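Top to bottom, those sequences are chains A and B. Everything in the first sequence is counted per our numbering, starting at 86 for the first residue and increasing by one. Everything in the second sequence is counted per our numbering, starting at 86 for the first residue and increasing by one.
Calculated from the structure, these hints are not laboratory results. Warning: the hint list may mix true and false statements.
As the list claims (entries may be wrong) - Okay, the calculated beta carbon distance ranges per label pair:
1. A/Ser-344 to B/Gln-159: 50 to 56 Å
2. A/Gly-311 to B/Glu-362: 29 to 35 Å
3. B/Lys-303 to A/His-266: 38 to 44 Å
4. A/Gly-321 to B/Val-348: 37 to 43 Å
Claimed, not checked - Examples of chain B residues lying across from chain A (beta carbon under 10 Å, computed):
5. Gly-252
6. Leu-301
7. Ser-302
8. Lys-303
9. Gln-306
10. Leu-307
11. Gly-311
12. Val-314
13. Glu-324
14. Arg-328
15. Ile-337
16. Gly-339
17. Val-340
18. Tyr-343
19. Arg-367
All values derive from a computational prediction rather than experimental measurement. From the three backbone atoms N, C-alpha and C, an ideal C-beta is built for every residue, glycine too.
Below are the chains, spelled out letter by letter.
Protein chains: 2
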Amino acid sequence: MWGQSCGDLYSLGDLQPDPSSALHTRHGRVRGRGSRGEAREELQGCHHLLLSSTMKDTACPQSLRPSPPRLSQQIGDKVFTTNTVTGGYAEYTVASQDTVFPLLGNLDFAQGASIGIPYFTAYRALIHKAQATPGETVLIHGASGGVGVAACQMARAYGLKVLGTAGSESGMKVVLGNGAHKVFNHRETDYVDKIKEYVGEEGVNVIIEMLANVNLSKDLQLLSQGGRVIIVGSRGPIEINPRDTMKKEASIIGVSLYSSSKVELQQSLAALIAGNESCWLRPVIGPRYQLKDAAQAHRDIIDSQGASGKMVLMMS
Amino acid sequence: MWGQSCGDLYSLGDLQPDPSSALHTRHGRVRGRGSRGEAREELQGCHHLLLSSTMKDTACPQSLRPSPPRLSQQIGDKVFTTNTVTGGYAEYTVASQDTVFPLLGNLDFAQGASIGIPYFTAYRALIHKAQATPGETVLIHGASGGVGVAACQMARAYGLKVLGTAGSESGMKVVLGNGAHKVFNHRETDYVDKIKEYVGEEGVNVIIEMLANVNLSKDLQLLSQGGRVIIVGSRGPIEINPRDTMKKEASIIGVSLYSSSKVELQQSLAALIAGNESCWLRPVIGPRYQLKDAAQAHRDIIDSQGASGKMVLMMS
Numbered sequence: 086m087w088g089q090s091c092g093d094l095y096s097l098g099d100l101q102p103d104p105s106s107a108l109h110t111r112h113g114r115v116r117g118r119g120s121r122g123e124a125r126e127e128l129q130g131c132h133h134l135l136l137s138s139t140m141k142d143t144a145c146p147q148s149l150r151p152s153p154p155r156l157s158q159q160i161g162d163k164v165f166t167t168n169t170v171t172g173g174y175a176e177y178t179v180a181s182q183d184t185v186f187p188l189l190g191n192l193d194f195a196q197g198a199s200i201g202i203p204y205f206t207a208y209r210a211l212i213h214k215a216q217a218t219p220g221e222t223v224l225i226h227g228a229s230g231g232v233g234v235a236a237c238q239m240a241r242a243y244g245l246k247v248l249g250t251a252g253s254e255s256g257m258k259v260v261l262g263n264g265a266h267k268v269f270n271h272r273e274t275d276y277v278d279k280i281k282e283y284v285g286e287e288g289v290n291v292i293i294e295m296l297a298n299v300n301l302s303k304d305l306q307l308l309s310q311g312g313r314v315i316i317v318g319s320r321g322p323i324e325i326n327p328r329d330t331m332k333k334e335a336s337i338i339g340v341s342l343y344s345s346s347k348v349e350l351q352q353s354l355a356a357l358i359a360g361n362e363s364c365w366l367r368p369v370i371g372p373r374y375q376l377k378d379a380a381q382a383h384r385d386i387i388d389s390q391g392a393s394g395k396m397v398l399m400m401s
Numbered sequence: 086m087w088g089q090s091c092g093d094l095y096s097l098g099d100l101q102p103d104p105s106s107a108l109h110t111r112h113g114r115v116r117g118r119g120s121r122g123e124a125r126e127e128l129q130g131c132h133h134l135l136l137s138s139t140m141k142d143t144a145c146p147q148s149l150r151p152s153p154p155r156l157s158q159q160i161g162d163k164v165f166t167t168n169t170v171t172g173g174y175a176e177y178t179v180a181s182q183d184t185v186f187p188l189l190g191n192l193d194f195a196q197g198a199s200i201g202i203p204y205f206t207a208y209r210a211l212i213h214k215a216q217a218t219p220g221e222t223v224l225i226h227g228a229s230g231g232v233g234v235a236a237c238q239m240a241r242a243y244g245l246k247v248l249g250t251a252g253s254e255s256g257m258k259v260v261l262g263n264g265a266h267k268v269f270n271h272r273e274t275d276y277v278d279k280i281k282e283y284v285g286e287e288g289v290n291v292i293i294e295m296l297a298n299v300n301l302s303k304d305l306q307l308l309s310q311g312g313r314v315i316i317v318g319s320r321g322p323i324e325i326n327p328r329d330t331m332k333k334e335a336s337i338i339g340v341s342l343y344s345s346s347k348v349e350l351q352q353s354l355a356a357l358i359a360g361n362e363s364c365w366l367r368p369v370i371g372p373r374y375q376l377k378d379a380a381q382a383h384r385d386i387i388d389s390q391g392a393s394g395k396m397v398l399m400m401s
């Protein structure tokens, strides 16, 4: 699908405008087994908020104060946030001004709700941490979820050779439809050998890793000289051989969006606005849940057999 | 001892000039248990050579060709190398011109033989990889061996807060005498708690790690936000929790001196020449062995109970 006009880009996805006025979302990258404690932690890190056009100023006093010209928000503006003070599973919330941004022009609420964590995290992983450069090869491990799709689109737009993995046929289709040159099924026992064969001796320069407790040791085998594994997600411990980092002078680097400085958030936003203008930023929405079904959404994210776009919680 | 005049700096060590004209050395940082295979690998990575004043030009044709002005070597010059083509356990060897450097002014052969791997590795770890900056705190884990002593001296000279570990009283004395503000005995069961108490909540910015298979998991607990563990040595696998890297956005970075570019080697050399001029570069020599006792030296390095300076193989 990549390379077609903006209008055709997401014919694989369900991108109908959503009528709801406020959305809380989580992203679909969390899958496989994990304790409830781990799941809660993942989900708490993935709250998003779209302030509705009917939002009262008493509900979000900070987020509605005027901010620098380009990013100023007025009461009634459509906005999204990367973080909240009072929590995201609610119709009204409080967010700090520096984490609230205007909803990018042509996106609906469901897509807007998919920007805050996934695209900002993808930018932080790929650019701020991996410092990926055009011509490098990136493997996005778990590419069909919210962060994965964002990373695929971004990496392709920035001139990288993009490999992705997914765990289902529909997920693989999403990955290929969003910028990946090649996709692998990580449920196949020999998929690592297939990646090795595909990239040859040079290896992979950057790996964006959503499930490090399963993949990290194998990741180190796939890396190029000077390669970087960026840890976006992990659900437990794993045994690695530190010597695997030495000869290649490889790096393992953790990512936390909440550690971003204000300047870094503004850099990311500027890049994402440009990505929206030039059509590569197009969130793919996966399963939608009503707020009352949040518990079921949690169970599904733990037991997921493979993501296909970003999961969204609806407010109405 | 730190802060005294150059002449007094190493009163703890044995720095008598050595009469030998060519030395092959290994450094004393390798200790604890390991297979013979691993030990061989360590030692093969630690060969040094001092070309003697009686060296024949037929033996080292490349290394004796004129090179850029500041670094030019003539037949008969005292030099050291960071690598050899034909191996270091011999009286004569061949080395590539870009790995041969003039012996720094006031150093004897034994000290000169301790520069090639330890100081270049310390520079690569601390500056090229960790990008340590003045005011940061560095923990040098295994600070009493060749690389450890070099890292202590360098880090102190560059304005870092220097913590070191050693496994014996004599080793701890060496560490304190070579730049560390504080030393811990890593054979004490609660030494990690003591380090935590010493550095407080801020944690350690950089850890130079000589035995990652034992320490890496604990290292991640000690790190500051944005902290870096630099893997200089490891003898096997270890279980870590990748989540420990995420919240702090910590990095684990492997180091291999042999991956240095020519430009990087020249940068390191320039820094080390300056370090010699300003007196902070003063190699500490540990046990000395005759070449015929190389096998025993290997056994001792495996079974070492704690290093106290760099081990040296003598040619005469």
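Check the structure against each numbered hint from earlier and tell me which ones fail, lowest number first.
Of the numbered hints given earlier, those the structure breaks are 5, 8, 9, 10, 19, listed in rising order.
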